[in-house]
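S.K.: Chain order of the listed sequences is C, B and Y. Just so you know, we're using this note's numbering here: the first sequence kicks off at 1 and counts up by one. Just so you know, we're using this note's numbering here: the second sequence kicks off at 307 and counts up by one. Just so you know, we're using this note's numbering here: the third sequence kicks off at 629 and counts up by one.
Some hints could be false.
[To be verified] When the alpha-carbon atoms are kept at most 25 angstroms apart in a straight line, the in silico DSS-like pairs for lysine-lysine are as follows:
no.: 1; chain 1: Y; residue 1: Lys757; chain 2: C; residue 2: Lys176
no.: 2; chain 1: Y; residue 1: Lys845; chain 2: C; residue 2: Lys195
no.: 3; chain 1: C; residue 1: Lys137; chain 2: C; residue 2: Lys152
no.: 4; chain 1: C; residue 1: Lys103; chain 2: Y; residue 2: Lys804
no.: 5; chain 1: Y; residue 1: Lys804; chain 2: Y; residue 2: Lys755
no.: 6; chain 1: C; residue 1: Lys152; chain 2: C; residue 2: Lys176
no.: 7; chain 1: C; residue 1: Lys195; chain 2: Y; residue 2: Lys734
no.: 8; chain 1: Y; residue 1: Lys782; chain 2: Y; residue 2: Lys757
Hint data in this document are derived by calculation from the structure and do not stem from the laboratory.
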Amino acid sequence: MFELFFYGIVLGSIIALGSIGLSLIYGILRFANFAHGDLMTAGAYLALFFVTQLFEWLGIPDNTIGSLSFGIRMIITFPIVMIIISLLSIIIDQILYDPLRMKKSSPVILAMASLGVSFIIQMMVIIIWGSDSLFYKPGILRPAMELPLNIKIRPDQIFIILVVFFSISSLHLFLKYTRMGKAMRATSDNPELAKVTGIQTRNIIRLTWAIGGAMAALGGILYGIDVQLHPGMGWGFLLPLFAAAILGGIGNMYGAMIGGLVLGVVQQLSTSFLLPTYKPAIAFIIMILILIVRPQGIFGGRTLWK
Amino acid sequence: MEIEGLISYLVSLIILSGIYAIFSLGLNIQWGYTGLFNIGIAGFFCIGAYTSALITSPMPSGIYAQYVNQVFGLGLPFIFGILGAAIVCGLIALLIGIPTLKLKEDYLAISTIGIAETIRLIFNNERWLANGPRGLMGLSQPLSHLVEPKHYNYIYLFIVLLFLLIIYLSIERAIRSPWGRVLRAIREDEIATAMSGKNILSFKMQSLVLGSMIMGIGGALYAHYTKSISPDVFTPLYGTFIVWVMLMVGGSGNNKGAVLGAFVVWAIWIGTSFATELLPTTLKAKAPYIRFLLIGILLEIVLLYRPQGLLGEEKKISRFIE
Amino acid sequence: MILLELIELTSGYGKTDILNNFSLTLNKEEILSIIGPNGAGKSTLLKTIFGLLIPKKGTIRFQEEEVTGLSPDKMVRKGMGYVPQTENVFPSLTVQENLEMGAFIKKEINQNKLDEIYALFPILIPKRKEKVGRLSGGMRQMVAMGRALMLDPKVLLLDEPTASLAPLLVGMIFEKIVEINKNGVALIIVEQNAKETLRISHRGCVMAMGRKIFEDKGLAILNNKEIGRLYLGG
């Protein structure tokens, strides 16, 4: 039982990375980004390219670090892929969502456009890499360490938890103490007033996409390290991401983080009596329950009623 | 291709376009007229297909029973399958609508995704329900005793077009009635409509249920055309996304647009399969994905440059005004 | 010396014109009140001046420079401040952070300026680290005005600063407005509380149906029985 709980935290921290980005984007841009899960997919597969192809070709050594399942290649890949996906997110906004916003399109049209982006990314992934499941390091043994309480945990998973903790803390510090961070929070609160104050919303929007994209990419890579890569992985994250964001109160970053952890744990615990493939259904049920019982989420965010 | 082969190919093209046109019409009631963002079409597609399949197939017996599991099998005629599909879909829509219709559009959307995914997961994993991933085969085809198998599709074409026509005309009538105008008013300005005393929730629910029932009929028609169904038919891509593209391309808020969009997009879909024949072999295996990529890009282009679609929204609002 | 000139402004939303051929001048360090019935276009006037709405016709000159149609963030840089009637603070940010946002375009935080604002609104000092959403209406209004003052604007546009405030606070806000004006800031105040605002204004302007009906010194309008009967509720 403890093992499931612990693994739930690992999974939950990956979900948290995605749902924080999703919540940020919803808070500042006011639309539901249905392509967010696929930003995770894009990050994971791009990392695959770097780790297994580009760096191979460049001759960078592949030795694993300590008892982790990856080495220098992956370490360098993290920041590179995060930056690329950040840029990609900004570009997608520039060519697609921004023109639609200029035309005063409704949030539904924007959401529909993001649905299109989601499928476009999935198709491109399948075209380039095929639809089978892939691994960063196929065939590697992943020895587990034993902890008290009979918990078996892989060193990779400790790495994941540390990385997520570090990134979320950095984001928190950024939002709380830096000028741009405060401007982001202000824009999320009241975009009209932000304009009145002289904050250039265009830059805030780009920053939002950059952060959201980077965190999604990070989450995708970590998931790929822990489990596997397959083209539908992002879409499979969509329900947990939304459920987590809604649970925490949409627009509320800290809520999204807690929501992610809760989702992860509950989904894992559910595998003790349900097939693992039902995890998205569990996420869905949680989401519906929250929407019925306390739609503003645990910590309150934007209201969901019209 | 000899003439007969070409004609039979065209017939199957029209049958599928017609079935998708029915989905599109159902979606048009929900989205085009009432503004409900339903991304769970695949779920109703699935339920409609399976309900009809289970109603019209007998329970497996003999050796068959060892390989096929069904929760029930009534062996009733086709028309009951269609009715059952519509009713069950309507009920499910009612259940979904109760918690979600009060919410903002985006939340309705994600809920519909969840429903569709859950439905597909259930059908895939619960073997006792409808044979799990293997699905159901050998579904009955109405009036199949009238002609030889190789000419059967002409009959089915007639059946599909008949349903399409009936549904189209019924919706056209309903939309021009006072009921239809309220739907439109809700989409344009919900608050104002509420102020004039209309029970918004009730109208939205009616729109959701009606649209879903139509989608259920489409699902049933699909099942009896292809004669076999399995959960992987009802994916977000084939079951939901493509219908949205059809409606947006044709013109949402316009029934003619919904039908036109279905035929146009299906034609593009089939057309691109010819184009991909020209691809080098390495890419040929990826052909369906390349085609879907193009469909996705088509949607984005429509949203950016012609969001009203080919036909735009209908101007006529009442059968009393010319 | 003329600070702000509005020449035959016409603006509105969509096809409707709310502001009709409206002209006005504002002098340096002057308090000018805009009063009139609801729907007269008073808020629209402020939004047009500040660039939230682009006028269909007419010109706006600020400090001898043509600024018609410039976006708000440019107006802020030119020395204009604006406090909307509602939703005029960032509720999840603290008092301090709200003020800092006021000076956002200056990358560095000017501690002197902050001290000045706190000196103007000392009641906010103990609430510095509190989220503004939790404060009372009166304090929120002070934060809103403080925020707009962070950049030393030459003109401050206030849209109904005392709306929904208790009577005791109304008096206090007007006191603060006078103090702000003494520090060299010209103000255009749109107000429902016509009597109170005219009392402290150098000049006043009565608006109805998007047009200027009457203009005179503040006290003159206040004592004008005709205007009083028609527009100030007797």
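S.K.: Looking back at the hints listed earlier, which ones does the structure fail to meet?
M.R.: Violated hints: 2, 4, 6 and 8; rest satisfied.
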